[in-house]
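If you're matching them up, the sequences are chains A and B in order. So in the working numbering, spot 22 of the first sequence is number 98, and the numbers just go up one at a time. So in the working numbering, spot 588 of the second sequence is number 652, and the numbers just go up one at a time.
Where hints are given, some of them may not hold.
Unchecked claim - Rough simulated footprint, nothing fancy, chain A against chain B, three-plus residues with beta-carbon under 8 Å: (1) 157 to 164; (2) 472 to 481; (3) 486 to 493; (4) 563 to 571.
If you're looking for bench data, these hints aren't it; they were derived computationally from the structure. Note that the coordinates shown come from a computational prediction; the quantities given were computed from them, not determined experimentally. C-beta atoms are modelled at their ideal positions from N, C-alpha and C, and glycine is treated no differently.
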Amino acid sequence: MAERSRSAVGSFAAWSAHVADLCGAFDEVAPLAAALGAPDPSACDWHGSLFGKLRPEVSREPVLVAAVCGGTNTGKSLITNTLAGSTISRSLPEAARTLHPVASLPRGLASRIDVAALFPGFTTVAWTGADDALSMTSEHRLVWREDPTGAQPERLVLLDTPDIDGTLRENWRRAELVRDAADVVVAVLTQQKYNDAAVRDFFAAAAAAGKTVFVVFNMIDWPKQRERIAGWLGTFTAETGVSPAAVYAAPHDFAAAEAGLIALHPLPEHAADGAATGLGERLAVCDFDRIKRQAMEGALAVVLDPGHGLPAWLDAVDEAASGWRTAQALVEREGRVCVELPPVPREIVWEEVWAWLEPRRSGVDLAVSAGYRFLGRQIARAGRLVGLGLSAAERQEDFAATELEALKRALAEFVDRLDDACRRDARLAGLLGSRLAAADRTAWYADLERRHACLPLVSAGYRGFVRQELDRFAATNPATLKAIVTGLTVGSVARPVLTLALFGAGAAAVPAAAGVVHHLIDVGVTVGAPLVGEAGVAAASQGVRPLLERLFAGWSAERGRILAETIHDVVLGDAVEELGRLAAAGSRPELARVRTLLAACAAECR
Amino acid sequence: MNDHADAGATPQPAPTAEPDAAAFDALVDALDQWVASGPEWPPARRARIEWEAVAPRLDRARRELSRILVVGVIGGTGTGKSTLVNALAGACVTVAGDEARPTTVSPVVVAAPDVDLAWLPLESMRARVVRSDAAAVANVVLVDCPDPDTQPDHAADAARPRPSDSNHNRDLLEAVLPACDVLVLVATAQKYKSWIVAREVAAFAPGRPLLFVQTHASRDPDIRVDWRRELESQGLDVPRIFRVDGVDAAARAAAGLEPDAGFRELLEAVDAELTGRAARRVRRTGAVDLAAWFVRQAGQDLAPVSGPPAELAAGVDAERRRLSNLLARTIGERLRAERAAWQRLIADDVVGRWHGGPFAGFLHVIAAIRGLWSRVRPGTGLVGRLLAGQPAGVAAGTDGSRALEDLGLAVGEIEQSRSVLAGLAQRAAIGDPLVGRARADGPRATEAAAAVVDRASRLLATGIERLVAERRSRVASPFMQWTFEALFGALLVTVLVRAGWSFFHGNLWEGRPVSGVGFIQEAIVWLVLWGLLLRWLVHAIVRAGLDRDVAALVRSAEGADLAAPLLADFAAASLTVGGWAADGERLAADAERLAAACGGPIGLGRLRRGKP
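Chain B extracted, bound-state conformation (with noise of 0.2 Å):
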């Protein structure tokens, strides 16, 4: 017995607050831009549509923070609702009794002569209103709602009809609930268990305090502690159940008798909890919990998938390596092949700059011949073209594919990596838009190619540059030059003297024969010879570390990451997700948080804070 007389009194709670009216805008503004700016991601593509409902609420809650309260009184057919209502107004307003169930087809809103109902939606709730001028219902908006129970769950059947194919009882009610800001739950000991009047308070009950009355007082058990503890097993706060026998009741006002004491504590709850600034504290309370109730849904919604975008990050940078590996790689393969290409560049340079000499005129003369030959075989790849000082970009209408493949990265790596990105991407329910296919086809693939080719082409164009700039300084230097020079000289010089010496001194002086064409012929072969080999001497002075400089010039396009904007969708898609869920997360802790420190309206039940 004791315990049934805890279960009505009014529990401690903590000392109340206002809620800071700034804070909550700031909130609301930051939910708005959070949902607005959701990628095309299913969790998101929810948020939005639940914000839809949500929004339009949290906006009258800002705008209309005086406006009186409505309160609809909802329970399980027969369990006296309406009783209950005309007992509040003082008189019969709504139609009461246990001649046939339903009793209550339509709602029926009950208000005080000079409230201005203009702003309810009274014509889609299908409502009657009544007037009463009872103290109960001077500060409050009533509404006797339809019962959720009585309409069937399943479509009407033309092979057996029934009655009951034209009570649409819960789709009115589901109607009247939304126009609503307090909830009285209504329950006798045959309902206080009902599973279909649960599932409409799960539905309604975020962002809309509720109060709890047990009817049938008179006929039905105490059955407080029992319900208590249901409402709280269905995620409730219940502070206070009240207890009344709607039918005594309804008779004591409409005889002017005063209430008993059951039913006072209601009236007194009704205008301490629901009039004057208390109101202004339900409806602030009621948002701020519904705020938060939204951001808690959408992270609930969010934590299947809150660890995939972050494995598809990681997955993205893991291929991204690889394919950078990759393409350095080849880069630095080719880069190593092209060994005559690489001489031929700098010492070109060099040929270009030495001018004046014999030596310098013989160099001339072998570029002049490998020029015929690089003609017959031009450089081939990006690599090729840039040693050879062709242009390195891709062309317009050149196919992506080809021009990955003319830098050296095979296209069935890219759709290996992209195939394996777009199972962590479906993994993370991330798809089409934010994400593309597999396949290296199509205008993207073309787009990111060239930013690879043009990424690629650059750095290596430096690295070539740089390369050749320091092999040139070895040799370019006039004293280098004029060693050369001399060093070729020297030979011609001495063929010079020989012949000369064979002219005038044998032939002319001492009358011996001329040499003739033979000692010519083997003159123009030692020199060409001695050219060759002083050629070769320049080589290896600009070739020297080449490999060592290559191998840098690659680690340095290693580390350039030159295949991102292969993936660059799945980068962006992990990063886009990613943030999002983390602006969820900020923003569902700032709910909690607001909600934590305005407390809640004392005696007044309300959907648990946190997490479930």
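Pulled out of the complex, with its shape left as it was, chain A reads as follows (with noise of 0.2 Å):
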């Protein structure tokens, strides 16, 4: 026997530790879910019996918590002030007047437990009258009071609850915390309420989660009403799952009301021990274990209940995960954006790469090629003289334009099809579709003309990639620097096509010619018409071809990567790293790990 004890003991330590754990791993995910728009856990049932019933008391001395609850005016103060043996709350003749739920503790517990912790989301106060839970405030307050008499059960918490049918719909949450964090629950019904929706739609959480439910039917025209009960309670149970433990039928008396007095009547015929026992012994001679793990076993039946518990929300989570994800491929499909520079003025490759050439070519070389230059140049001088032709430094500034214009086009074409994306996708229209619509977009234009500005022709960055790239290159090839020569002055002109697009998950497939890997967005280049000249480079080397792609690719890409700096810090800010973070949400292993816990806890429970 002793061994079973320890056994059990050890049992209930491995599954307080696993309900612990599992409100921790939560506690991570809970965060992530609402990012991902998963549906709101506090709205769910099992969320207040995880917090609000298994949390609070597996660590703890246990308590056995009875909540009164009913729908506006069916006196659930008037029976909650009868159990306390005083006026904890005040009755009043209007309705939904009590706003918060009023707690009578046993004398002595409010210094052996923490109460705020026993009902979480709540502020606890302590208790200065029975006006107290008439204020007006938003707040969700809990006010306690311990027995002054003595007379209340030693580990027995009495509730008075607001109503959960009225106009004011806090007092509704209100009434579901209290419910959540209570073992046995006192149903106040009426006549007039006992089958409305939202009073069936509470017991029925209550009865799922396990609740030892008390049927108290008030304001009864008594005797004559008597034998309607029985048809009541078979609507009332057979629409909300509760079996009610005892059952209780208060006369309609107006005067005993004003004066505070109520009188329960038992009916034996209804109760589940067939016993006749007032409401006030049964609470207080209940079976506190039986009652307690009923609770607690409940609460963790709703918790693990596959359909609407925790693996339900886990599932949903998965879902909106998987939701990202989708979004974040419609945002790869479609933002991509084809920049089609101009072509590049041939000096701007070209001179970097004579500098680099120049200690390594011979005296009789360089003469000649002297040469040819300073013709070539007077040839070009004599052309623009009679307006053919333009100078190197026209052509520049033609080019500088014209990029400008095309780095325009592509952000307006990018934001198009972001708007595209947001229309078609509800998810990425709360993510980026405000920034889009409420930016303004001028300054997006603005920030690209700086940047562009502020780009030289050529940066110390690109000169220090060219040396590099020809360094390397001369390296292993040594017999083709004539090639480069050649192959410079016969093919220099490319049309370069930058690919810019969002990779939120950095999986950006950039070619190697680009040597650029932004952090965020991507630029993948490649040289999209062939060189001119081609032929006669290849004819030179094989080997140059890919060098001078790569020498110019490593040029569009420094030019186009101002496109994506605008686009990453002016335009979206961090919404694509919120994207990515998002679709790969879904395998986090916080998540993974609320699974496991979760499976531990089934099986402990088993």
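The task is to assemble the complex, starting from two chains supplied on their own in separate frames and drawing on the hints.
Here's what the structure looks like:
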């Protein structure tokens, strides 16, 4: 027997540890789930059972929480006061006046337990008077008081609750929080309200969570309506699944009610044990362990319910994460813009390569080249004089203007595509829509213009890149120096095509040639059109072409990067990172851990 | 206790007047037109949907002004609706009691024997008709409605079936209420703050005056003061709340006894407020209230997006100015860059008019030589073509963006402007089909580009023509021509005289050898140089002040708002939407004025007017 008891204790310890771990793991997952747009867990019954019942009770002195619940003006406060033996909550003729739950604690309990931890979701305040529960405040407040007489059973906590069907929806929530924390629910019904949908829903959740329910039919035309009660009770139990431990009838007596008096007639024919025991007595001498165990098991059953419990909610989180993956795929598909940059002014890359070649060439070669270059310059100058051809400065100016225009077009198209994607996917609309609509788009273009104006045609970074590439090439192909010269001479004008795309997960297929991996938005670069004079280059050397591609592509990537930076820094901010994070959320270990702990809890429970 | 007595007392309302029928008809017609003219804009679409429900009611109010009123008795289950109906009907016409909730599972229509109910949609209401000759229902049709609070809020769950899964009372109630003209809201101490009842009242109160009745008077405390507060917090005007005991009243009626004071008040109110001329007033004020409510709702729906259309309009102005300035600047640059073309254009014109002299002949020769060069380098762009005297329009099938680039406006700039405006449009919930996409492609863009090119070419052609004409006048006078002919001719004559002198005097007379080809060559060179100098002088005269005049032309291009067609859809959308919203505000003011002018039925509650 002792061994069995030890085993039970050990099992409870393991089980309560799992519950605590599960709550901790859930706390880690909750912000992620909220970001994913998963259903609000606090609106789910299992959440109330887990956090309102299981977590507060697995690690502290067990107490029996009995809550008196019902619709507006059904006499909850009066019944609570009767059970508590004094007026802890003012009973008034007007409906829905009890705005905050009032708890009557056995003497000395407040010093042994943390009342606030027992009732999560509430700000607990000590009782000062019977009107405490009537005070208008938006916070969820729970008023508590210790029984001054010492007559209240040692481990019984008794609560009066706000209504569950009135026009103040906050009252519903407060009543639900109390119900979740309760082991015993005293359902106060009347002939007007026993079949109201709001009332049924409230008590059905209590029944599903294994609460022990006592039913009080209040305001009965006694004894005339006594025979009706069986039919009313039958409807109520069939609708809610409640199996009442006992049923009582309270006669309608306005004068007695005004005086704070109420008579509860036991109806033994409807009691589970068939006894005509008074409600106060039942609460005092109830089978504490059985009720407690039933409440805890019931709460756990609600949490584990595959259709409506935590597993179903985790499925909903998975579904939401999958929705975000779809949204990310849509962005990756749609948020891809092809930027056609103008042809690169040949001297930009060319001059850099010449600068690198200069010290590596022979005197004769240099002299011949210098001669050709002088001749070429004179011919170009003559051409310009008669209106044919442009100077290098004019070409670069034209290039800069055309390039800026191409980047602006790309930005416009990019935003246009994102707008479209938002229209097609509600999640994206939620994440990006407000940024795209609320922003001052003029500032985006101003930012792009500023970045473009600040970007030199050849940056130090690019210069370094060219030298590095050429050094590497020369080291591996020492014989092809001449081929480089030939290649550069015959084929130097390329029309680069940038593909700018959002890659939330960073899975960009960036050609090695680009050599640019932006930390957020990758600019995939390919040289779209073949190099002019490709045949000549190919004839000179097969190895030169990839090098030239790399050189031009590297330069183009650098140009495209300013657009990527504008999009990242100004247009989208951290939204793409957020999108990536949400799309990857489904595979996060925290979610898997919650599932594992849930399985462990289920196993311990079995 | 005094409070309770006051709660049921009739407040003194403002004198009521019969609503102005013509003004009401005009308002309904204006609302109909307003809704029909709504653009493809979400608030306008929502107004259209709402109007589909409201318009038939307003139409009925106009057509059936004298019809008997339908009074729906509504309230939570167990509040005594059926008992009250029985009391009013003076007999047990509908099942009432406490045996099971809900008691009423299908509506019961109580009407006098001679009342034709053909116009009531009894089938869709799934209602049972009971005839009664009680005085209270002689001039009204009473409907005992199902309750709204027993039907589950959630859909049935196959895993957890409940008996109430087959309860459709709220659906039935919502099928009945549209046919009701007046609502009698019944409540008890337990149910006067029912959330679900409040929700149904809020949905059906617009345009339907209400009577408020607290039942169970013999059992429950008087809650009328608190109920009035509650109803007022829900946006209702509550002139009066009746307090009756339905069970007692029904028993007295069945026994043929006089009603008690509370129930008599209710009977008197029904007779005074809902029958005869009062019924007409109830229907009319209900309709006016409904119209005012509709336009107020539409206004509230518009409120969150009322600022953005103005922002869009400002954005359109700014972007149009930006593009027009860009375009004008580029045109200016090109006009200034085409100096040679200007000269050629003006000089060619002058040459075309100067005939008959040696200098004119010289200019013709130079023009012919230059003509060869211009065939090598034809005018580029719209400006170049205009200056070269070529046609400037957009050829059919030409890409719109190409045409604009040809004009000197980069497509990137247009797309930037359209993208900025697309953002502003989004803020105002304006989208397709009111505005197009940011991308400047497709037939719409080509059309807009053609319009811009057309505007620009007309403006430029006129401007250039004016400039040329003004300059032509400087050198076109015969005096100017003959002055230059004289100057050129002077050298020619000198050369000829020199040659004649040399030949006749030197060779024939003095016998010196002829100076030969050397002299001829020298003479031609000097003649050409002199001719070119004179030609330069002609050009200098016509060129004087060209830069200033080109700048003036550019300024006129800036003022001409050349780029407007490129953003025309955004401009039109902001105007349409803004105008529609402004019309709505005007109609709301009209409706409120009309509603205020016609007062309201005494003793009946209704949804509060004006802004909530």
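Right, here's what the structure says about each hint:
no. : hint       : verdict
1   : 157 to 164 : holds (count 3)
2   : 472 to 481 : holds (count 6)
3   : 486 to 493 : holds (count 5)
4   : 563 to 571 : violated (count 0)
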